[in-house]
Amino acid sequence: MREITYLEAVREAMSQEMRINEDVFIMGEDIGVYGGAFGVTRGMIEEFGPERVRITPISEAAIAGASVGAAMTGMRPIMELQFSDFITIAMDQLVNQAAKNRYMFGGKGKVPMVVRTPSGSGTGAAAQHTQSLEAWVAHVPGLKVVQPSTAYDAKGLLKAAMDDDNPVVFYEHKLLYKASGEVPEEQYSIPLGVADVKREGTDVTIVATAIMVHKALEAAAELEKEGISVEVIDPRTLVPLDTETIIKSVKKTGKCIVVHEAVKFGGFGGEIASIIAESEAFDYLDAPIRRLGALWIPMPYHPEMEKAAIPQVPDIIQAVKDTVAFR
Amino acid sequence: MATEVFMPKLSMTMETGTILQWFKQEGDEVEEGDLLLEVMTDKINIEVEAYASGTLLKTYYEENAVVPVQAIIGYIGNEGENVPDAAPPVEGASEAPAPVALEEETEETAEAATEYQANGEKVRATPAAKRLAKDKNVSLQEVSGRGANGRIHKVDVEEFVKSGPKATPLAKKVAAGNGVDLACVQGTGANGKITKGDVLGAGSTQQVAAPTSEPRRVKMDGMRKVIADRMCQSAYTAPHVTMGTEVDMTNAIQVRNALLPIIEKETGYRLSYTEIIMKAVAYALRKHPEINVSLEGDYIVYKNEINTGLAVSVPNGLLVPVVKNADQKGLAALTAECKELGRAARESKLLPANMQGGTFTISNVGMYEVDMFTPIINQPESAILGVGRIAEKAIGVNGELKLRPMMTLSLSFDHRIIDGSPAAAFLQTVKRSLEEPYQLLV
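First to last, the protein sequences are chains Z and P.
Heads up: the first sequence at position 180 corresponds to 179 in numbering that gives the first Met the number 0, and the numbers run straight through without jumps.
Heads up: the second sequence at position 378 corresponds to 377 in numbering that gives the first Met the number 0, and the numbers run straight through without jumps.
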């Protein structure tokens, strides 16, 4: 199969849908000739024109509000936020309008929109451009939350997000844009709420999201040399969350480590750990569940400090070893 | 009306007691004053007498259960009297809330009781280990955990199950005492568990066990665990400094030889160097109150009494009975007291009061070929004196080489509250009072 990048997979998912569905259009800052902050929409304005690739003023609140309105009146908008940090400005529209309207109008209106936005650190973009705030939106009933880790998942999950009649926040990791993978040319959909076992193992379960999936896989490959068999589960969507796959895996291994890039304190890893502890997997736990996440600090600008602030492969290896050795 | 049997509170600080064995079983006739059960608290075992006559109607806890003080552990009354099926909750629970388990049904109570270790702490085990232990009918109390803080993991339970013969704590004790290898004993209890009777029956026909490649694994009993915890606590909190000095024992030996028949006639006990050293230590502590101290929070407490503990080796560990007001006692009184406490320790008959209130400890290994060592302080005390053997050594005396009976003293002290200079001064006083023992008469 041909290989394309994660970035190309996102663009292809949008373009293919826009070719067959007149209702789909995209809004965002500098997404025209410039191609958006990371070049995801490059070339799209040439194909679809400024009516369907709409360049907006610098107001995330306006982009989100316009998207909610367009969605409720029959369109299927995709809005792009340059950095997911700026979702804070769009928050009122997303939390109080997008997430609530279908419910408050008794199902008579719906809000089929996608919020596409790059998150995560690793580009030296400092504290206001590197956050992973997915736990904020995951907390709000009515919003779906997607975090693809591969090009294949990105294309299939974005198709499912565009087809969904509810608002979906679609987090793209900046450092994954250039990651290549095999991606079918035709359209396909990966249902929201189905986790993917990225690697099978028997000793420890690692539940990892976004870029941490790759770090966990790297750690698992290293640990295999020492005879430790690691299962890596990528939930792919935080909302809805595929608890069944996670619980099944933990019942098998009896040990679990949750890894995400977001700040550990108050992060989504706490939710996953709690779900495991509340589930039937509890009686199979043979070691405390560990969480790895960023330090409780604003992300430093210096690249070395930035690295030190978030979990790296050696941290994951150490956590697995500690868990397996019952430390 | 049936009379309750309580877990006795045997010392001010006792919170739980471990039932080592019941001398009477349910249904047995009991006379007031009969030995009813044996209880272990901290490091000592105490035989508890019945304080009512009648039939032992009910016992709520198995051997090895850890029970809070004042909890009802059984009933004595007339045969046929009704008593609760489950242990009633501890009265006056407002003071110290009773463990929830006590209010549950019988089965839960028995189960909860096994979840406590001999030292009263809850057994730490992962959910997976607990589930397996339940399936295999294993008491987690007997399993030793490899995880952090002794946490028991699934693999520990698996290995315990594989490791073969299960025995009641009493059977293990009897087996250890009689030198019986449990691997050669056929168990007749539940799930093939070896009981005391099995061990006694096997004792006569005991064969030498075939050597196995598996190392022997022995779960630490209560005293061992208490010693382990206290040694760690002392070694890891108090920065220890040990200083040593050699003492010329020529004059002390003369004193002992002179006093030996006198004291033996008076007390029936033979004076040993231990008592002479204790006398010298008590004298030196009076002169150096800065050594007779305890650290309590942010306060250094200067103890009024000089109570010297004496480390006594016992078959499965070590006990430190305390000689109260050692500075006010003559050598005859010290000899009698040390000998009596030593015997009580070896026979597990020490009372809690015999082991409390120490302000300084003496550890004498002089019976072995050991000169110096680095003793660990017996907290909350702040210093301990290690005593080595007396051996002839060549030393310089007034420009001449002489052979003298020399003994090494090793003083470990808590450097948080005792500086090197006062510790050295104290040790020098001990040394000089042993070299010139008539000082002790002053």
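Heads up, a few of these hints could be off.
No more than 30 angstroms apart at the CA atoms, straight line, and that leaves these computed lysine-lysine pairs for DSS-like [what the hints assert, rightly or not]: (1) Z:Lys107 with Z:Lys197; (2) Z:Lys250 with P:Lys135; (3) Z:Lys247 with P:Lys135; (4) Z:Lys158 with Z:Lys177; (5) P:Lys218 with P:Lys286; (6) P:Lys224 with Z:Lys251; (7) Z:Lys250 with P:Lys286; (8) P:Lys302 with Z:Lys320; (9) P:Lys224 with Z:Lys320; (10) Z:Lys247 with P:Lys161; (11) Z:Lys250 with Z:Lys224; (12) P:Lys328 with Z:Lys247; (13) P:Lys195 with Z:Lys251; (14) Z:Lys320 with P:Lys121; (15) P:Lys161 with Z:Lys250; (16) P:Lys264 with P:Lys135; (17) P:Lys328 with Z:Lys251; (18) Z:Lys320 with P:Lys129; (19) P:Lys195 with P:Lys224.
Hints were generated in silico from the structure; no laboratory data involved.
Outcome of the hint check:
Between Lys107 of chain Z and Lys197 of chain Z, the direct Cα distance comes to roughly 39 angstroms. Violation of the 30 angstroms bound is thereby established for this hinted pair. A C-alpha spacing of about 19 angstroms is found between Lys250 of chain Z and Lys135 of chain P, which places the hinted pair at or below 30 angstroms, so the restraint holds. This hinted pair checks out: Lys247 of chain Z and Lys135 of chain P have alpha carbons roughly 24 angstroms apart, not beyond 30 angstroms. Restraint check for Lys158 of chain Z and Lys177 of chain Z: satisfied, since their Cα atoms lie roughly 20 angstroms apart, inside the 30 angstroms limit.
For a cut-off of 30 angstroms, the pair hint linking Lys218 of chain P to Lys286 of chain P is broken: about 45 angstroms separates their Cα positions. Under the criterion of a C-alpha separation no larger than 30 angstroms, the hint pairing Lys224 of chain P with Lys251 of chain Z is inconsistent with the structure, at around 35 angstroms. A threshold of 30 angstroms between alpha carbons decides the hint, and for Lys250 of chain Z with Lys286 of chain P the separation of about 67 angstroms lies outside it, so the pair is violated. Using a Cα cut-off of 30 angstroms, the hinted pair Lys302 of chain P and Lys320 of chain Z is violated, with the two alpha carbons roughly 49 angstroms apart.
Between Lys224 of chain P and Lys320 of chain Z the CA atoms are separated by roughly 28 angstroms; this keeps the pair inside 30 angstroms, and the hint holds. In summary, the hint linking Lys247 of chain Z to Lys161 of chain P is supported, as the alpha carbons are separated by about 28 angstroms, within the 30 angstroms threshold. Among the hinted pairs, Lys250 of chain Z with Lys224 of chain Z is consistent with the structure: their alpha-carbon atoms are about 24 angstroms apart, no more than 30 angstroms. Under the criterion of a C-alpha separation no larger than 30 angstroms, the hint pairing Lys328 of chain P with Lys247 of chain Z is inconsistent with the structure, at around 72 angstroms.
Distance check on the hinted pair: Lys195 of chain P and Lys251 of chain Z sit about 41 angstroms apart at the alpha-carbon level, beyond 30 angstroms; violated. Restraint check for Lys320 of chain Z and Lys121 of chain P: the C-alpha separation of about 26 angstroms stays at or below 30 angstroms, so the hint holds. Pair hint Lys161 of chain P plus Lys250 of chain Z holds up; C-alpha atoms about 23 angstroms apart against a cutoff of 30 angstroms. Taken as a hint, the Lys264 of chain P and Lys135 of chain P pair is broken in the structure, with Cα atoms around 62 angstroms apart against an allowance of 30 angstroms.
The hinted pair formed by Lys328 of chain P and Lys251 of chain Z fails the criterion: a straight-line CA distance of about 68 angstroms is larger than 30 angstroms. The hinted pair formed by Lys320 of chain Z and Lys129 of chain P meets the criterion: a straight-line CA distance of about 23 angstroms does not exceed 30 angstroms. With a C-alpha separation of about 23 angstroms, the suggested pairing of Lys195 of chain P with Lys224 of chain P holds against the 30 angstroms cut-off.
Hint compliance for this structure: hints 1, 5, 6, 7, 8, 12, 13, 16 and 17 are broken, all remaining hints hold.
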